[in-house]
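*Asks:* Single-letter residue listing:
Protein chains: 2
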Amino acid sequence: MNITNRLTALRELMVTTKVDAYFISNSDSHGTARIADYWRSLEWITGFTGSSGLAIITADKAALWTDGRYLIQAKQDLDGTGIEVLDIWEQGGRSHHIFLAENLPHGGKLGFDGHVIPAMRLDRFKTELKDKGITFSYDIDLIGELWRDRPALPSIRAFEHEICFAGMPASEKLAAVRAKMAEKKYAAYLITALDDIAWLLNIRGKDIPYLPVVYAYALITATDAHVFIEPNKAANVSGMLVSQGFELHNYNYLSHYLCKLDTGKLYYNPAITNIHISEAIPANIETESDQTGGIIPLIKAVKTETEQSNIVNAFRKDGIVFVKTLIWLDDMLKKDTPELQIRECDIAHTLENYRTMQPNYICESFPTISAYAENAAIAHYRPGPESTRLQREGLLLIDTGGQYLDGTTDTTRTVALGPITDEMKRNFTLVLKGHIALASAVFLSGTTGSGLDILARQNLWKSGQNFSHGTGHGLGYCLSVHEGPHFIAPYHTPIALTPGMLVSNEPGLYIEGSYGIRIENILLVVEEHKNDSGTYLSFKNLTHCPIDLNVIDIDMLTETEREWLNNYHHCTYETLSPYLSVSENAWLKNATRPI
Amino acid sequence: MNITNRLTALRELMVTTKVDAYFISNSDSHGTARIADYWRSLEWITGFTGSSGLAIITADKAALWTDGRYLIQAKQDLDGTGIEVLDIWEQGGRSHHIFLAENLPHGGKLGFDGHVIPAMRLDRFKTELKDKGITFSYDIDLIGELWRDRPALPSIRAFEHEICFAGMPASEKLAAVRAKMAEKKYAAYLITALDDIAWLLNIRGKDIPYLPVVYAYALITATDAHVFIEPNKAANVSGMLVSQGFELHNYNYLSHYLCKLDTGKLYYNPAITNIHISEAIPANIETESDQTGGIIPLIKAVKTETEQSNIVNAFRKDGIVFVKTLIWLDDMLKKDTPELQIRECDIAHTLENYRTMQPNYICESFPTISAYAENAAIAHYRPGPESTRLQREGLLLIDTGGQYLDGTTDTTRTVALGPITDEMKRNFTLVLKGHIALASAVFLSGTTGSGLDILARQNLWKSGQNFSHGTGHGLGYCLSVHEGPHFIAPYHTPIALTPGMLVSNEPGLYIEGSYGIRIENILLVVEEHKNDSGTYLSFKNLTHCPIDLNVIDIDMLTETEREWLNNYHHCTYETLSPYLSVSENAWLKNATRPI
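Keeping their order, the protein sequence lines are chains A and B. Under the numbering used here, the first sequence is numbered contiguously, ending at residue 698. Under the numbering used here, the second sequence is numbered contiguously, ending at residue 698.
Treat the hints with care, since some could be wrong.
The list treats identical chains as one, so a pair stands whether inside a single copy or across any two.
[As the list claims (entries may be wrong)] Derived lysine-lysine pairs resembling DSS-like cross-links, with alpha carbons at most 25 Å apart:
no., residue 1, residue 2
1, K437, K363
2, K633, K528
3, K643, K692
4, K287, K363
5, K643, K565
6, K288, K363
7, K288, K437
8, K368, K233
9, K121, K235
10, K212, K363
11, K287, K233
12, K233, K643
13, K288, K233
14, K565, K309
15, K565, K633
16, K438, K178
Keep in mind that the hints were calculated from the coordinates and are not lab data.
Work the whole structure out from these sequences, hints included.
*Replies:* Put into structure tokens, the structure is as follows:
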């Protein structure tokens, strides 16, 4: 069945189910950023392969909304299908609501699969369409009915994140969560975020690419702790979970259980709780939500001492992997061939080869970005199998990370493959100055990422340049490579940076059609001074990987910046050299030489 | 009558008016930060002379709440009166509500003068005391009934802020306000802030010390513009106002007029609108408020081109005044007397002497802070007539400003009177580095003061030190020396800095019992670059006054910081020297020499 046939089949089904418009989005039942193949309904019905989008089909119209990163790709993917491609941020992000208002008849019916649409979206539909007398049908999955060769739901067994890695038994985490619940006067806490559940239960899995979690729910009260998970998936962890105070139920049993809930105030997050679940909450139960997404995100963001010391190992391993890859790249550059025989994707393969040799490695933490020359100026560039061939000039940007049992890593370096322009050097050095200013920041306890952001941008702004992404994101521990609730960016956040939090430091610069620069290390928030005037925090650098000295205009650095760089390189050499060969160390010694 | 007798008289009156507790605060009918003597009920009944406080009197108890700045002074002022002194910020700022809840009988009555208490405070009382069945009596002024020699309400006539200063006729300002009202769908706009009214009407007055405004209200609709002001006070401006489209009414007529209001949505600010006025708004009128305080604050904060070029003159004049005072101080220091014959208050007198010689000078914009040695570590220190005698050593902090028809100024300098310690030099240089970092900032359009604040503090924080006040406040134009809605501080503000806004740059450091440092210039927000990546803003320095080179540790400055200081001093000399004598210029030349 091609897309046209699929659309025809869907429209026939819409007639029999009396639905005037059908809504499809790229999501699973838990609002996870990455999804398993089972949930790719949007791709099946439209052919769109991007990670973020939604579509609406009516009897005579079809449209797909996505963001700036994927607009060009969507137009290519959907060419000839008759599906219009639109920018999701147009008309203040209301474009698809306006489409519905214009294309639904008064008193019409909007259908969608309530198992994958969050409660918050239904509320928004109700608000936006309140004048049109629309009804909603969300106990249907029309794509599921048509999709004959749909992939199965992931069924790989979960495994225990052992105590030497987790650092704290699940029962202790449960006690910490209950203490916070008591403080906030929550009688019950519904956990739908997969990384929150994996953290709480000390389990990991392989249900989702790049994110080592399993599909499950949890519902905690002062006395009970229920986990909803497929029995087969839980087979290897059920004994541990029961011993830690959890009661196990079938994954599908949550809504039946919720129906009978009879407690005081329930916390749940309507942004990542699907309608099927949220509708099961009895109307007489008082509910609450807040902008941090619940209790666990704030606890899990502050890494424990065991986690912190394990993370140091994970970053050392990933430093070794990156350095070995840079040495391999240098060898290729020096080979006596008229043209360089490697492509962007070979960088990713080489990184993966070296990573699989490291102990406790699971998988990449996201698809490696290896972007040469102008490709590096494209946000979210991902080399395909026929990726660009590298040349002995210009800049290569490598953004990569791994999932290890002892930590999640994420590092970006921009390296010269041969001669580069003075402009490239100048811009790289401006980005580096921002990186150094943030890395060496000292800040009063209570400071948020919005207060620090300018340190990373001030030098670029003085040159009339900017990068249009955040400066830093939080990081999971053998969990999501992007983890909240804190961040560093020029927009407001109420979340203060707290000792034990991890945050990336990744200023960049992107010259369209020409090149891209980004330097990313991961920082750990630590205490710096404490006295009568307050507690002052600073960052400890976790990432060990040389910053390419060939791309720096040394004259642009202040004495303090030069000292920072020399210290950073000295520390990188000291950390990695015990794990490298004599010849590798010779390379690293040169790459980390004082300037 | 002493305080004890006054309290007895008040309590007798409370019995006859059947009031269980009486509430008094330090405020006028408009929520103005400074008040005329007529409104000093709090001082009359308690003896407390500080500018910020509130008191509650019951049959057997009396308590006064003030903030950290005035706690010691309040305890001195109130000694022997039986009035307890409490910190207003204790118990999360709820201490006086808790006092009321504990001391009012169930179903009791709380009395206060609704003419000087804002609507927002009554709402807060209602929320905090909702379980106690309390009723409120606010059409009484018990202090007014007892206060026989109460000063009269100010009756000095308002004068026109002429077009050469105001830059734009009042009718044009009215049109601009109406355009914004239409945009925000306000049918009516009630203006209670005295500086907003003075700005709109192009009038000034002398009703309040340091703030050249007059008591008046305004109510604007799409077709009408009503001003409520005492006829005698308006005598010299009524012709102009009528010609500009305003209709004049008696000051007391506003509530009668409001009762009959019959329009669509009304904007008013309940934080500065007294209960007597807010209660007059008909219940069927839809009302709105927002955190910027209305339409005028945002328009008035962005200075017009005429205002900007006038302000340059005002700052040049105040620079001349400050330099002449520093020269006078230097002469005194060099005099052949064993002890220095001047006190802190002599600095303020000398500044005032020189200011009165400047064209278009009205009055100080706030009481000059001239604080020697450890006095400078006390926030809001104000030398009394028997102020501290200066010595030929240590640091003197001078914070002063003037009201001119062509602008409001505010400058702080910290100068050495002789030998100082290395620690003083080091700390002064850390403050200076923060001052320079903020003064030379470049920032993307949309950046708020919370995003810039760290530039002023980063060097202090690295040394484990902080200053516990904001970094910058807005400034009126021949209006309040502190004017919103923008500011620079480590806490969140949604207000972006916009070209045309004025903001102070005043990092400091206060070593209790020893000395205080502050360096304050006023900056104008201007456009720096504009290109595809965005519009970048920066600051233009308006303040011309040397920064004492004797207090700087030159080795701590970077090359860029030294250049900034040399440029600043060069520009100061160039700006002021045409207005100084040969000997004054010799002094200034030395004070602004390159380092």
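*Asks:* Hint by hint, work out which the structure violates, then give me just those numbers in ascending order.
*Replies:* 1, 7, 10, 12, 14 and 16
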